[in-house]
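Visitor: Here the protein sequences come in this chain order: A and B. First residue of the first sequence? That's 1 in my numbering, and the numbers climb one at a time after it. First residue of the second sequence? That's 1 in my numbering, and the numbers climb one at a time after it.
I should point out that these hints are in silico values taken from the structure, not numbers from a laboratory. Think of the CB as a built atom: it goes at the ideal place given N, C-alpha and C, for glycine as much as any other residue. There may be inaccurate statements among the hints.
[Unchecked claim] In silico contact screen, one side only, chain A against chain B (beta carbon under 10 Å); selected entries:
hint: 1; residue: Gly-21
hint: 2; residue: Ser-53
hint: 3; residue: Gln-69
hint: 4; residue: Ala-95
hint: 5; residue: Val-152
hint: 6; residue: Leu-176
[Stated by the list, open to error] Derived lysine-lysine pairs resembling DSS-like cross-links, with alpha carbons at most 25 Å apart:
hint: 7; chain 1: A; residue 1: Lys-42; chain 2: A; residue 2: Lys-12
hint: 8; chain 1: A; residue 1: Lys-103; chain 2: B; residue 2: Lys-136
hint: 9; chain 1: B; residue 1: Lys-180; chain 2: B; residue 2: Lys-136
hint: 10; chain 1: B; residue 1: Lys-136; chain 2: A; residue 2: Lys-108
hint: 11; chain 1: B; residue 1: Lys-180; chain 2: A; residue 2: Lys-103
hint: 12; chain 1: A; residue 1: Lys-108; chain 2: A; residue 2: Lys-12
hint: 13; chain 1: A; residue 1: Lys-100; chain 2: B; residue 2: Lys-180
hint: 14; chain 1: B; residue 1: Lys-137; chain 2: B; residue 2: Lys-180
hint: 15; chain 1: A; residue 1: Lys-108; chain 2: B; residue 2: Lys-180
hint: 16; chain 1: B; residue 1: Lys-137; chain 2: A; residue 2: Lys-108
hint: 17; chain 1: A; residue 1: Lys-100; chain 2: B; residue 2: Lys-137
hint: 18; chain 1: A; residue 1: Lys-143; chain 2: A; residue 2: Lys-42
hint: 19; chain 1: A; residue 1: Lys-141; chain 2: A; residue 2: Lys-42
hint: 20; chain 1: B; residue 1: Lys-137; chain 2: A; residue 2: Lys-103
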Amino acid sequence: MIYLELFWEFFKIGLFSIGGGLATLPFLYTLAQTHPHWLTAKTIADMIAISESTPGPIGINMATFAGYQAAGALGALIATLGEVTPSVIIIIFIARFLGKFDKNLYVKDAFYALRPAVVGLITFAGLRLLSVTLFFEHTLKVKEAVLFAVLVVLVLRFKKVHPLIWIVIGATAGLLLALPS
Amino acid sequence: MKSNSTSLWDLYISFFRIGGLTFGGGYAMLPMLQREVITKHNWVTEEEVLDIYAIGQCTPGIIAVNTATMIGYRKRGIAGAIAATLGEVSPSLLIITLLATILFHVQENVWVQHAFGGIRVAVCALITQSVLSLAKKSLIDLPTVLFYLAVVLSTFFLSVSPVVIVLFAIFFGLSVQGVKRRVR
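This is chain A alone, in the form it adopts within the complex:
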């Protein structure tokens, strides 16, 4: 049954992704491999764009979108509920039994390596996305590569720019680059 499977897959994502919305990305790529009819590496990129440019937590937006793609509006609801269920259980447990969880020595120790691991996992997701975008069908797409280089230079020069602005720039560039052909 697809709804149960959706709930379970997103429950696992909620349970193992630590450190915010983008941390769910590597799990979504794994999901795209095991359930290619739910989402593909290419649609994940569109999902990120939409999730970053609409209100709401990115992780929840992506779960909703992926659930919708897999099984319509009910799928969207089930995937989102699946993703938040572990949070609700764990937080209630912590609130009841462990007051200063974030000050705990062992939690701090674990985060010493969890932090670089999460950055590593997001880098992996970024590399997957980049390879799909630039090397799709195994040829380097020159226009896209140039656009990416320009955007990265912009990113390095202006650090705090709203994601929505990058996406508008991307869409405009995509349309302009398509004009000559």
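Mind docking chain B on chain A? Use the hints.
Guide: For chain B alone, coordinates are given in the frame of chain A:
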């Protein structure tokens, strides 16, 4: 502590507003959170919000959801936790479902495809931006840098599951820091 003067509906609506008016997760939600739960309702103190947010960051799941659950639980127990969490995710459910429906109808359009081609490149740049700012805070010494590289290589080339990485990181962090403390 728990007080029954806060209604479940108030919790739902407040977190609905927070979810519906914050773009992006993480730090973006803090100003809205402070306005709703401190200034408007006086549910928690400034210091408590930062503590709750810190706990939300170091527990599994979406930070915004963890924060909502914690504040809801403090005000009205389990029912409050659920009401606040449902409020936080409701705007996403409505907006994204609507957008996804529209997108499915226009995705065959050539111009939409060109626009999304450019957007995909922009998203790559966005993720680069996130990785750079996260790396500054997380890669603090040689072991963390090496561990970061090991994670990137093992996931990208060997397809090691993220679940394995997270579990191993917890083990690795506890052992490295434990050994360091014993040496001192």
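Visitor: For each hint, tell me whether it holds in the structure or not.
Guide: So, going through the hints one by one against the coordinates:
Proximity of Gly-21/A to chain B holds as hinted, the smallest CB-CB distance being about 4 Å (cut-off 10 Å). Evaluation of the Ser-53/A hint against chain B yields a held restraint, the C-beta minimum of about 8 Å falling below 10 Å. Interface hint status for Gln-69/A: upheld, as the beta-carbon distance to the closest one in chain B is roughly 7 Å, under 10 Å. The restraint placing Ala-95/A at the interface with chain B holds, with a minimum CB-CB distance near 5 Å, inside the 10 Å limit.
Annotation: Val-152/A was flagged as interfacial toward chain B, and the flag holds, the nearest CB pair being 5 Å apart, inside 10 Å. Nearest Cβ of chain B to the Cβ of Leu-176/A: about 8 Å, under the 10 Å cut. The hint holds. The hinted pair formed by Lys-42/A and Lys-12/A meets the criterion: a straight-line CA distance of about 22 Å does not exceed 25 Å. Between Lys-103/A and Lys-136/B, the direct Cα distance comes to roughly 22 Å. Compliance with the 25 Å bound is thereby established for this hinted pair.
Restraint check for Lys-180/B and Lys-136/B: the C-alpha separation of about 22 Å stays at or below 25 Å, so the hint holds. A C-alpha spacing of about 18 Å is found between Lys-136/B and Lys-108/A, which places the hinted pair at or below 25 Å, so the restraint holds. Among the hinted pairs, Lys-180/B with Lys-103/A is consistent with the structure: their alpha-carbon atoms are about 19 Å apart, no more than 25 Å. Pair hint Lys-108/A plus Lys-12/A holds up; C-alpha atoms about 23 Å apart against a cutoff of 25 Å.
Taking the CA atoms of Lys-100/A and Lys-180/B, the gap is near 23 Å; set against the 25 Å cutoff, the hint holds. For the suggested pair Lys-137/B and Lys-180/B, the alpha carbons sit about 20 Å apart, so the restraint of at most 25 Å is met. The suggested pairing of Lys-108/A with Lys-180/B holds, with an alpha-carbon distance near 13 Å, which does not exceed 25 Å. With a CA separation close to 14 Å, the supplied pair Lys-137/B and Lys-108/A stays within the 25 Å bound.
Under the criterion of a C-alpha separation no larger than 25 Å, the hint pairing Lys-100/A with Lys-137/B is consistent with the structure, at around 22 Å. Distance hint between Lys-143/A and Lys-42/A is fulfilled; the C-alpha atoms sit about 18 Å from each other, no more than 25 Å. A hinted pair counts as satisfied when its Cα atoms are at most 25 Å apart, and Lys-141/A with Lys-42/A qualifies at roughly 15 Å. Taken as a hint, the Lys-137/B and Lys-103/A pair is honoured in the structure, with Cα atoms around 18 Å apart against an allowance of 25 Å.
Against the hints set out earlier in the document, no violation occurs for any number.
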